[in-house]
Amino acid sequence: MEVIDRELAPLSKDVRSDRRVYVKIRREDVRKMAQFMYKLFEPLRGRLSTVSAVDCRSHFEVLYHFTLSQLGLVLTFRCEVPRHEPVVDSISDIIYGASFIEREIHDLFGIVFRGHPNLERLILPDDWPEGVYPLRRYG
Amino acid sequence: MMSRDREVVEIPLGPYHPAFKEPEMFKLYVDGEEIVDVKIRIGYQHRGIEYLAQRMTIQQVVFLVERICGICSTSHQNCYCQAIEDAMKIEVPDRARYIRTLIGELERIHSHLLWAGVALHLIGYDTLFMYFWRYREPVCELFEELTGNRQHYAMICPGGVRRDIDLKKMRPKILKVMKEIKEPVAKLADAVAGDKLVRARMSGVGVLTRQDAIRYCTVGPTARGSGLRIDVRADEPYAAYKELGVDVKVMTEGDVLAKTLVRVQEIMESIGIIERCVDAMPNGPIQAEIKEYPVAEGIGKYEAPRGEVIHYVKLNGTTVPERVKVRAPTYANLPSLVPQLIGYSIADAPIILGSIDPCFCCTERVSIVDVREGRTVVLTMSEFNEFGRKRKNPLKVR
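Listed in order, the protein sequences are those of chains Z and B. Note that our numbering has the first sequence beginning at 16, numbered continuously upward. Note that our numbering has the second sequence beginning at 7, numbered continuously upward.
Treat the hints with caution; some may be incorrect.
[As the list claims (entries may be wrong)] Residues of chain Z placed beyond 10 Å of chain B at every Cβ, according to the derived structure:
| hint | residue |
| --- | --- |
| 1 | Glu-43 |
| 2 | Glu-57 |
| 3 | Val-127 |
[As the list claims (entries may be wrong)] Simulated pairs of lysine to aspartate or glutamate, DMTMM-like, Cα-Cα distance not exceeding 25 Å:
| hint | chain 1 | residue 1 | chain 2 | residue 2 |
| --- | --- | --- | --- | --- |
| 4 | B | Lys-174 | B | Glu-150 |
| 5 | B | Lys-45 | Z | Glu-135 |
| 6 | B | Lys-33 | Z | Asp-108 |
It is worth saying that the hints were derived from the structure and are not from the lab. These numbers come from a predicted model, not from an experiment. Even for Gly, the Cβ is constructed at its ideal location relative to N, Cα and C.
Build the full structure now, drawing on both the sequences and the hints.
Structure (structure tokens):
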């Protein structure tokens with residue numbers, strides 16, 4: 016826990032309960048976050064549980080939910096992705112488990128994960144029209 | 007990705023799936039009998055649950071998420087309600103927590119028995135398949151008496167459970183069913199572990215190394231078969247697991263046999279939990295009231311029979327949720343099939359695919375394409391299973 020506290024000290028941490036912590040990060044730091052978290056997977060029995068994308072009208076929010084079983088904690092990193100430039104760095108080369116969910120968010124929200132090895136369609140059919148993103152709420 | 011020269015043959019398994027009841031696309035690239043690469047494509051069963059959830063009220067979504075899965079229906083319902091409770095800061099009454107545990111563990115027993123039967127059917131051991139399903143039946147009947155349904159129990163709601171259980175009447179019945187299945191299932195477990203033929207088909211097949219299990223973020227029995235001690239019930243005890251305790255079953259081999267034995271041991275553990283649960287169930291209210299609809303977000307986590315389920319909900323102060331994100335355990339385990347399949351033969355593919363207990367929906371054909379001769383052979387499900395049992399190449403047979 017101390018390692019996490021030390022590393023995340025400069026960031027704004029939102030502790031909702033002893034099991035749910037939310038941390039806000041910048042879009043540029045996503046890969047740094049993945050590298051830091053991946054190192055904790057073995058000692059703290061951690062994993063990337065999933066990534067959620069939310070349409071917040073003015074921007075998108077991408078939430079990386081990490082589980083650290085040793086601490087019984089869900090650590091969520093939240094980063095804002097601007098609507099006019101929906102691009103964020105891919106973390107699937109660091110954490111293989113992120114590959115599917117990044118492709119899914121690309122399908123449903125049109126957020127591009129830069130550097131993803133294979134950002135093909137996963138959920139939507141091949142003949143789905145370009146530029147139509149079913150889970151975008153505000154156009 | 008490996009380079010695919012002319013020697014490598016592509017075998018599409020799906021979108022209509024060979025061994026299971028649901029559509030999914032696995033492209034196997036084989037060199038002779040050996041699988042050298044795998045490509046997975048999902049989405050053939052996408053029903054837009056998350057989209058629908060943004061257009062229903064919080065209470066209606068309870069019934070929507072229950073229909074995500076037919077086998078582990080209470081898992082999603084429970085998980086969603088926990089996410090709502092996390093967002094709204096609701097304390098669930100004690101009796102409701104125990105009822106949730108009871109329903110969840112009964113579901114685990116019936117799901118694991120169902121899976122064990124299907125897995126043995128995939129390798130052609132139909133006698134044990136029938137036996138496993140014979141002992142699943144009393145559990146389903148018990149469900150009908152407890153909840154009114156064999157599946158889709160609709161027992162859980164935000165803040166508690168919807169119906170109470172008449173323990174005076176049901177306790178002896180529950181204990182009787184547990185007693186009835188305990189000994190036979192233990193015997194069947196020995197039959198699986200001790201059978202030379204089962205070992206020959208499962209031992210050392212479809213190995214998922216501990217390192218890969220971590221890298222692919224696997225969950226549930228798939229991860230526990232590879233030596234990862236992760237179980238939401240023990241790590242973040244929800245419902246009544248804190249009081250009742252869970253002994254997490256772990257094996258280190260990572261092969262199909264390890265995953266099978268983990269599940270069989272979990273059935274025995276679940277029987278124990280249910281026996282403790284009905285003895286310790288307190289009296290009291292079964293529902294906490296929802297007083298207001300806040301602007302908030304919450305995360306629910308639940309250990310389904312196949313592994314960790316996670317739901318993320320964002321509420322916007324109205325009765326309609328702003329966002330509901332669902333992650334089912336098979337979604338996490340599916341990519342890990344790539345390292346599990348590579349290096350094994352085509353005939354091992356059905357049982358390896360089966361070993362993660364995947365949950366998609368159903369039809370029954372496989373087309374096998376011989377790229378060298380440009381020939382396509384379409385197999386029915388029974389032909390494909392036959393192929394899995396006899397380990398003969400269907401292209402050569404026909």
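Checked hints:
1. Against the 10 Å criterion, Glu-43 (chain Z) stays outside the reach of chain B, whose nearest CB is about 24 Å from its own CB.
2. Not every beta carbon of chain B lies more than 10 Å from that of Glu-57 (chain Z), the smallest distance being close to 6 Å; the non-interface claim is violated.
3. No Cβ of chain B comes within 10 Å of the Cβ of Val-127 (chain Z); the nearest lies about 19 Å off, and the non-interface call holds.
4. This hinted pair checks out: Lys-174 (chain B) and Glu-150 (chain B) have alpha carbons roughly 17 Å apart, not beyond 25 Å.
5. Restraint check for Lys-45 (chain B) and Glu-135 (chain Z): satisfied, since their Cα atoms lie roughly 12 Å apart, inside the 25 Å limit.
6. The straight-line distance between the Cα atoms of Lys-33 (chain B) and Asp-108 (chain Z) is roughly 22 Å, inside the 25 Å bound, and the hint therefore holds.
The structure is inconsistent with hint 2 alone, although it conforms to all the rest.
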